[in-house]
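**Q** Here are the chains, one letter per residue:
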Amino acid sequence: MEGRKEQLKSVFYNLLSIAVAAVFWSLFSAWQQSPFFPSIAQIWKAFIGLITVGDIEGIGLFSHIWASLIRIFAGFAAACVLGIPLGLAMGLWPKLYKRTRAIIEPIRFIPPIAWIPMAIVMLVGFSRYAFLIWLGAFFPIFITTLLSVTRVNPLHVNVVKVFGAKRSYIIRKIVIPSVLPDIATGMRVGLGIAWMCIVAAEMIGGEMVGIGRLILKYAELIRMGEIIVGMLIIGVIGFIMNEIFIIIEARIFRWRSEVSID
Amino acid sequence: MDSHLVDVNISKSFGKMDVLRDIKFDVKLNEFLVIVGPTGCGKTTLANILSGIETSTVGSVTMRGEKINPHKHNISLVFQEPSCIPWYTMLQDVTSGLCIKGVDSKTADARGREVIKLVGLEGYEDFFPRQISGGMKQRVAIARAYATNPDLLIMDEPFGHLDAQTRYLMQIEIMRIWEQEKKTVVFITNNIEEAVYLASRILVLTKLPATIKAEYPITFPRPRELTDPAFLELRAEITTQCEIVE
Ligand SMILES: Nc1ncnc2c1ncn2[C@@H]1O[C@H](COP(=O)(O)OP(=O)(O)O)[C@@H](O)[C@H]1O
Ligand SMILES: [Mg+2]
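Protein chains in written order, with the numbering used here: chain A, 1 to 262; chain B, 1 to 246.
Calculated directly from the structure, the hints in this document are not laboratory data.
Note that this is a predicted model, so its numbers are computed, not measured.
Careful, some of the hints might be misleading.
To be verified - What follows is a list of derived Cβ distance ranges for each label pair:
#: 1; chain 1: A; residue 1: THR100; chain 2: B; residue 2: GLU66; range: 37 to 45 Å
#: 2; chain 1: B; residue 1: GLU173; chain 2: A; residue 2: SER10; range: 42 to 50 Å
#: 3; chain 1: A; residue 1: THR150; chain 2: B; residue 2: ASP163; range: 28 to 36 Å
#: 4; chain 1: A; residue 1: ARG256; chain 2: B; residue 2: LEU29; range: 40 to 48 Å
#: 5; chain 1: B; residue 1: ASP163; chain 2: A; residue 2: SER10; range: 33 to 41 Å
#: 6; chain 1: A; residue 1: ILE248; chain 2: B; residue 2: LEU29; range: 50 to 58 Å
#: 7; chain 1: A; residue 1: PHE24; chain 2: B; residue 2: HIS161; range: 48 to 56 Å
#: 8; chain 1: A; residue 1: LEU82; chain 2: B; residue 2: MET175; range: 54 to 62 Å
To be verified - Here are some, though not all, of the chain A residues that point toward chain B, as calculated from beta-carbon distances under 10 Å:
#: 9; residue: GLY164
#: 10; residue: PHE253
#: 11; residue: ARG256
Said to hold, decoys possible - In silico negatives: residues of chain B with every beta carbon more than 10 Å from chain A:
#: 12; residue: GLY15
#: 13; residue: GLU114
#: 14; residue: GLU125
#: 15; residue: GLY135
#: 16; residue: GLU157
#: 17; residue: ILE172
#: 18; residue: ARG235
Note that the Cβ used here is the ideal one computed from N, Cα and C, for glycine as well.
Chain B extracted, bound-state conformation:
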């Protein structure tokens, strides 16, 4: 349980503005770590630094002791914004990571179709983004992130743009996939119910500049019941911590 995969110890500022201050935590192998924080506190910035596409101002992110680097490590990021590439068909989009990592096209296509099935989009392989709905696009982004079988899967408010119903279904689905394929996940959200439903551990961030305010291991058995009194109590406590109630 204590075998840890990623160590984070960073600060980040844009010019004079401090965004992340002394963010220090680790990510354990196969855990579902959820990071919650209010809008604009620097969650996306943190996700980008974790994935290696943005640099920290101070400190570093390491994976198994080595500085994080997309050219070396197998990382996936589900972006907060809709991120389908307009000129890729669904299959091309989902297999893009595999192609970049040098997997031959036959294997990549087979894996692509498998993941598309996993997120329930069979039959749409040759569709362009303009031909599918917003919820479907988000599933494409998740399928793309899954396809490479990443050692670290980062999800930045992946369900933020979805309606409540789709969001609920996606949460169940992501849980099923996680239990099935056992991955290390860092999941970012500003929805506390979602956090308590999904997490094996929750980190709570403060407002700008973000620091880690609290940490909660979540041990409720899965699948979790949203109306369970213990669930509601923890949810209320974290909500107070987050200062969202004010």
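Isolated chain A (complex conformation):
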């Protein structure tokens, strides 16, 4: 646990690096004098405008954020609900994986964007969003869960086997606790990829609401201020979610000496 002083220091330096980045952007934008590189004041104006009047169709910024959040959570939750049990099952019974890997592994390498036409012809409405986000988040969660099972320390299993532990006990008390931190990492990576898929998902969703949609609307108009606001909002929300994840992990995995921060 780092000291209070150290924490304050890192907050200070983080704020400082944001300030430095802002200064560089301002200088760059002042030098360019082009509508493609709006100043911070112009970005701020776009931000306030999106909150008070809404976008060109009058949809407020918070409606956009809320719509995207719901979609992210739906796709991400589906990825967890399918990926974790499937990964566990295939890790515990490796034959399941060995005998199906020729179908699983190739799918993993198809980028979510390549699925767009398929999603358009196969699905409608909300399921399109959920499907594309699910595609992005599922594999990191599934694969890390699967691999984590194979990394369970056999010594820990033997410790309880000597006492006559049954398979169910070994799974509950040894396998699950030892794979949980890896699963959490997989979920964190999955959540990041879910956000990366949001623009692609909202490209085909049909509805005019969503942060990705917002960016696309203003891309057609080449209005960079609003586009940058949309980009920053995705980044900030992702950042906040990741921080929350890390705090929860540190709580749950008190037995671990460190929590990875990637």
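Keeping the supplied structure of chain A fixed, place chain B with the ligands upon it in accordance with the hints.
**A** Just chain B with the ligands now, with coordinates in the frame of chain A:
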């Protein structure tokens, strides 16, 4: 004295490699049997087979005439490698065997605290392994093995990772506990001084594939004096047998 508890008559190979060849001996009730052998000769393999977590290729280990089985017999094994479960507090780790064997949690906790005291770790009950030293972890492993009051206690080079000072203290401690609680112990080591200090009987194993080369009953009174001439003489003789001097 002749009431014997365990009969061993096994061979073990991993694939084409013979590790244990015709290992035949018995373990008597309440004796402190020490098995010495050079590194890599198959001692850990033997410990795992004795405890029932690994199977022999030929032959079997029986306890009171019945094939050894962790689900039936009350056996404990102190592993050579540090074996604390990272997500268990010391108390949870020490009581794990009791919980598996269906002891209610109140009784298990009471016994756990008692054994933690026995190995001198009072006050650390709620610590996780990452918060304690290597020597303390090894004592946790010993406490865990003791907690279930096993009929057979197997210790696989339990002090191998400890510094000389801690090792010496642990030897005295293990002797005190053994004399106090009278258990049947199979103690594995590659340290001959330790063997002569602790054993009521010593078996000497050869290099790979391991066979039993010699057997020494040790009758020196306890506590033993490491510098006693008779002690030193026996130690030298076993060392020659072990071919470690070469
Ligand atoms: N699971 C295993 N598979 C293959 N070989 C093994 C296995 N376990 C041990 N061995 C081999 O058996 C021999 C004896 O190992 P071990 O019992 O650990 O020796 P010791 O404990 O006496 O140092 C070594 O040569 C080791 O490489
Ligand atoms: Mg060994």
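**Q** Next step is simple, just say for each hint if it's right about the structure.
**A** Hints and how they fare:
As the Cβ distance of A:THR100 to B:GLU66 is approximately 42 Å, the hint placing it in 37 to 45 Å holds. Judged by the Cβ atoms, the range 42 to 50 Å given for B:GLU173 and A:SER10 holds: they are separated by roughly 45 Å. The hinted window of 28 to 36 Å between A:THR150 and B:ASP163 holds, with their beta carbons roughly 35 Å apart. Between A:ARG256 and B:LEU29 the beta carbon distance is about 43 Å. The supplied range of 40 to 48 Å therefore holds.
The hint said 33 to 41 Å for the Cβ distance between B:ASP163 and A:SER10, and at roughly 38 Å that hint holds. The hinted window of 50 to 58 Å between A:ILE248 and B:LEU29 holds, with their beta carbons roughly 53 Å apart. The hinted range of 48 to 56 Å is satisfied by A:PHE24 and B:HIS161, whose Cβ atoms lie roughly 53 Å apart. The hinted range of 54 to 62 Å is satisfied by A:LEU82 and B:MET175, whose Cβ atoms lie roughly 57 Å apart.
The interface hint given for A:GLY164 is met, as the beta carbon of that residue sits about 4 Å from the closest beta carbon of chain B, less than 10 Å. With a cut of 10 Å, the hint placing A:PHE253 at the interface with chain B holds, because the nearest CB-to-CB distance is about 8 Å. For A:ARG256, the interface hint holds, the least distance from its beta-carbon to any beta-carbon of chain B being 7 Å, beneath 10 Å. Even its closest Cβ contact with chain A, about 18 Å, leaves B:GLY15 beyond 10 Å, as expected for a residue assigned away from the interface.
In this structure B:GLU114 is separated from chain A by more than 10 Å, as the shortest Cβ-Cβ distance comes to about 18 Å. The claim that B:GLU125 lies off the interface holds: its Cβ sits roughly 14 Å from the closest Cβ of chain A, which is beyond the 10 Å cut-off. No beta-carbon of chain A is positioned within 10 Å of the beta-carbon of B:GLY135; the least distance is around 18 Å. For B:GLU157, the shortest C-beta to C-beta distance to chain A comes to about 14 Å, beyond the 10 Å cut-off, and the non-interface label holds.
Every Cβ of chain A is farther than 10 Å from the Cβ of B:ILE172; the closest lies at roughly 26 Å, confirming the non-interface assignment. Every C-beta of chain A lies more than 10 Å from that of B:ARG235, the closest at about 32 Å, which supports listing it as non-interface.
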